[in-house]
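Undergrad: The residues making up each chain are set out below.
There are 2 protein chains.
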Amino acid sequence: MPKSHKTEITVRFVPDGKEVRVPAGSTVMEAAARAEITVQSSCGGRGACGKCKVKLLSAVTEPGKSDVRHFTADELSQGYRLACLTRLAEDAVVEIPAYSRLVREKISLDGLGKKVEVEPVAWKLFLQLPEPSLEDQRADLTRVLEALGEQVSQPTDLSTLQALPDILRQANFQVTAVCSDGELIAVEPGDTSTQLYGMAFDIGTTTIVGYLMHLESGAQVAVDALVNPQAQFGDDVISRISHASTEGGLKLLQQKVVEAINHITLETCRESGVNPAHIYEMAVVGNTCMMHLLLGINPASLATAPYVPVITEARVVAARELGLEMNPHGRIYVLPNIAGFVGADTVGVIIASGLEASRGLRAAVDIGTNGEVIVAKNGRLLACSTAAGPAFEGARISQGMRAASGAIDRVSIGGSSAKEAGGALDSLLQIHTIDETPARGICGSGVVDAIAALREIGLITASGRLLDAKSAPETAAPYLARLEGTGGQTRFILVGADRSATGQPICITSQDVRELQNAKAAICAGVMVLLDEMGAVPEEIEEFLLAGAFGNYIRRENALAIGMIPALPLERVVPIGNAAGLGARLALASAGMRRLAEKVAERVEYVELSNRPDFYSRYTDAMELAPVVTS
Amino acid sequence: MPKSHKTEITVRFVPDGKEVRVPAGSTVMEAAARAEITVQSSCGGRGACGKCKVKLLSAVTEPGKSDVRHFTADELSQGYRLACLTRLAEDAVVEIPAYSRLVREKISLDGLGKKVEVEPVAWKLFLQLPEPSLEDQRADLTRVLEALGEQVSQPTDLSTLQALPDILRQANFQVTAVCSDGELIAVEPGDTSTQLYGMAFDIGTTTIVGYLMHLESGAQVAVDALVNPQAQFGDDVISRISHASTEGGLKLLQQKVVEAINHITLETCRESGVNPAHIYEMAVVGNTCMMHLLLGINPASLATAPYVPVITEARVVAARELGLEMNPHGRIYVLPNIAGFVGADTVGVIIASGLEASRGLRAAVDIGTNGEVIVAKNGRLLACSTAAGPAFEGARISQGMRAASGAIDRVSIGGSSAKEAGGALDSLLQIHTIDETPARGICGSGVVDAIAALREIGLITASGRLLDAKSAPETAAPYLARLEGTGGQTRFILVGADRSATGQPICITSQDVRELQNAKAAICAGVMVLLDEMGAVPEEIEEFLLAGAFGNYIRRENALAIGMIPALPLERVVPIGNAAGLGARLALASAGMRRLAEKVAERVEYVELSNRPDFYSRYTDAMELAPVVTS
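Residue numbers (the numbering used here), protein chains in the order written: chain A, 50 to 680; chain B, 50 to 680.
Everything labelled a hint here was simulated from the structure, so no lab data went into it. Note that the Cβ used here is the ideal one computed from N, Cα and C, for glycine as well. Among the hints, erroneous ones may be present.
As the list claims (entries may be wrong) - Among chain A residues calculated to face chain B with C-beta under 7 angstroms, some are: (1) Leu190; (2) Thr353; (3) Pro355.
Only chain A is shown next, with the shape it has when bound in the complex (with noise of 0.2 angstroms):
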């Protein structure tokens, strides 16, 4: 029979002894994955990079371009032949040296409930390059490009082009090339290709976190906060927005958080020991304002109806053009916003729990200084923003802080043994502050719980009123030495001035709790008003994410039981911590998690809050501070 018409060939390798049968022309690397044997690569079967070297003991190929680049003429004539690129035409044998063996699983890192696979569109090669001669005379640019495969694109930056002959011949060819996302960015002497890093922020309106990792492994190498500097411009969104546009204020918005995400690029890189010029990406997420100001547009559109972004799209930025302390030939990819006020953290968020790809209706609300709110049936993604305020922040109450040493976290009332002892004042109430140090204020967990413990002792009605002493029910009998004022004026001393840090007693005022009840009923209401829009009720809801530092502090029981998201089991209901940070990590060590914050941006409708009567009638039934009844 001619050798033509043989559509099947059998190859076997050792010394495995394995044998398959595969189509006549296969490579050898594909007939390899048939033996489930994996042969390393890391050019994606271009050719480029010679790590998938084998030795054909039959059937010996005519060498290719690629085989003659990584082969010697002796090695050439015993066999030796790259897999991905030889196709084998007739029944073989290949031997697989152990050196070309792949013996580590893929990498992955660790979703919310999913893996994903580490793959960076950052990646480096150690090149050893045939020095130019009279009878190769390839420019020095086409010489880097031929050894990396015809996938790689010439360097953008006319920098790594001016500086690459001089590179070249002071190390000899040996040189190792950085590539990202299918372009050559750029060229170093020597072999550093396991120096390869990438920084992660999430970048808060209130709090900024960096985190290093190493982009090969995707492990976390270290991790930094800081509180944003543009606070001292205002510490919401809108007076950012503000001061943005008047003189200067943009570009110095701007200078506020590239100072800060700097400062933790270079603490972190300290800590660890790596050089910033080997962090080579970056992935950002934030809300649609910080976005906007970190890329240096002026946000003022999203200040006034009718709230329009100057962009949503993701986008990739030079580490020149925002002046950030990395490889100057670096990017920085930020990830999509969704409308003016559901930004990429949100993306980051979705990316990160898998809400997506999630068949049964699950919710999550990421807290931060505006609480975004997701439902989720189906594939069907939808989003809306609440003016839910920074309350849960600290923010706007009396004696409100954020989240550090000193701060009331957890309040409660005493366990039964307290109770038996009768009323001593601080055996009644239990208050517990950040690092167990003396009270300098309370943070947002500790206003949900303060405020959930004085509706259950009767202090605080349903619709919000904090009676004074005169009013108070006999239930109350035994705090009654905590109040504070009449009417509206009541206080409820959590920590007297004597044992405050302050000097000055650490308190619930009747405005605190106000401020509360607007910031969870505009929560719970999104959430009801998407519901609405989904066809869905609550009790339909499988899993409801609590994300933001907020989302870990908050005691699940008092959310439910002062009505801040919809009555559910409380198992349903999930803390899942900075979502969004961890939507940025998985963006910066894996291509694929980026095309899928893409096409989630473009996917989820966004349902614009302000001109529709429904919410502002679910805004007040939600004010009532008790469970959610929705049936």
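Starting from the known structure of chain A, arrange chain B on it as the hints suggest.
TA: Frame of chain A, contents of chain B only:
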């Protein structure tokens, strides 16, 4: 018969009355093309430009997204649709209004013996965008990109994005989008869509020529030239390379060429009343060294074997990166080089003259400061660079000068009348100067003429010796008064001191003859080696192109007489002027020509002469000042 089985439909156009059969599912645009009616379109049929408005008189389709964007509800109900996206499922009658018909023909530009379609990479579109509302909260960027169609990507320049919100609002969302190579590069207030210009440059070692073109029509608006100001650092490529290696030298050389480009751009704009900010594209050719210097890349490796360039690939550079006077978001297309001494200018010569498509044997030499030779046959292209030196530009000739006012450009032995007049010195030789002003020196074509004339008189031997009065033959008797000196110091006076502009006699020296011999022998030997490589003989050459300004000045008879090129019938020798500059103009006006240039640069087989013994023997053979006899 059910509709789905109907595979062809009939479409009738009014008012033409033309009727065509097309497959069901064809667009109106396709059906119109079949009927030979050209419908306007400037977005490539993506529903973006709205120029292809037609009215369905029957079989009215559901309006698509683009229809809704371009027509009022009233127009939609009347049957108005966009021809490009409207697919016809059944027989239909379609009215094509006059305003949607394309009256002008496709514009084309003349190459040498070929027509090139004008299809610039940059285009503009005036957009009348709907203003944002709570019902249409699309981001500014999304609003612009969606109006342009999905093929256009967001701007690389962050500054374009930063400027976007203000421009949109100040111009009431009536803006002109500027796109280049599939990217939105700028947005301008109001309608500037007709203001679309580009510059093409030929950067010679000696002279820089710039052409201002209107990109939509392909019309040349103005042209200007300057001496390359780098000349102050040496008149040849090697001295520029040496200077580039001195401290600050590279930067200075780059700055000089940028200044010259800017000067030419501003001058052509001033002449023609064009705003330089409306120049969005440039296309540049030049030799490899000039291209490196323009890009700020050290060309040091060109100076020593193996003469390797840093880059041969074509490159797109941002206007900002080079500091060029044009729209700050504009781009410069640098044509590809072939090798260290065969540059983008040679690629320009090839694409302008269509050598790449030549079936029969054709040859070309581009004579500038160096002499590049190309031989083409049957799609195969060979090229080499000959170290001809700048003799043909008048350099290294004792009284040589560029082809400028006062240069002796033509020398011939006087006509019979002069001879009959019986020997008056000036009537024996016809000497012409450029602008017919008193002689200041002699340019390349003058040198060739003078030496050919002296050969004819018998004062120069075939081996190149300039005879002194003692050795002169009988035939030279009438000219002996013009001879001075003896042996190697002999010189022949063309214009006496009393009649020259310099007060010095203008002469040809023994050394000048030697310079010319070297230069012409190098070119001739280059041609012969390439012919050998091609397996061809000179007699087969169907056309021999002389490119470069010199090619227009030189008398072909004399080029043949002194053996600068192989002996051929005169009519086969064709001067083509600055074909490199024409190549730059074609690449400016046509994306297709850019792709062709890139393919050509890859396809040309570069022949390195420096290590070829056959070149040196050919060179020695070609020293003789006589027609090249090859058979």
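Undergrad: All hints are to be evaluated individually against the structure, with a verdict given for each.
TA: The hints, checked one at a time:
| no. | hint | verdict |
| --- | --- | --- |
| 1 | Leu190 | holds (5 angstroms) |
| 2 | Thr353 | violated (11 angstroms) |
| 3 | Pro355 | holds (5 angstroms) |
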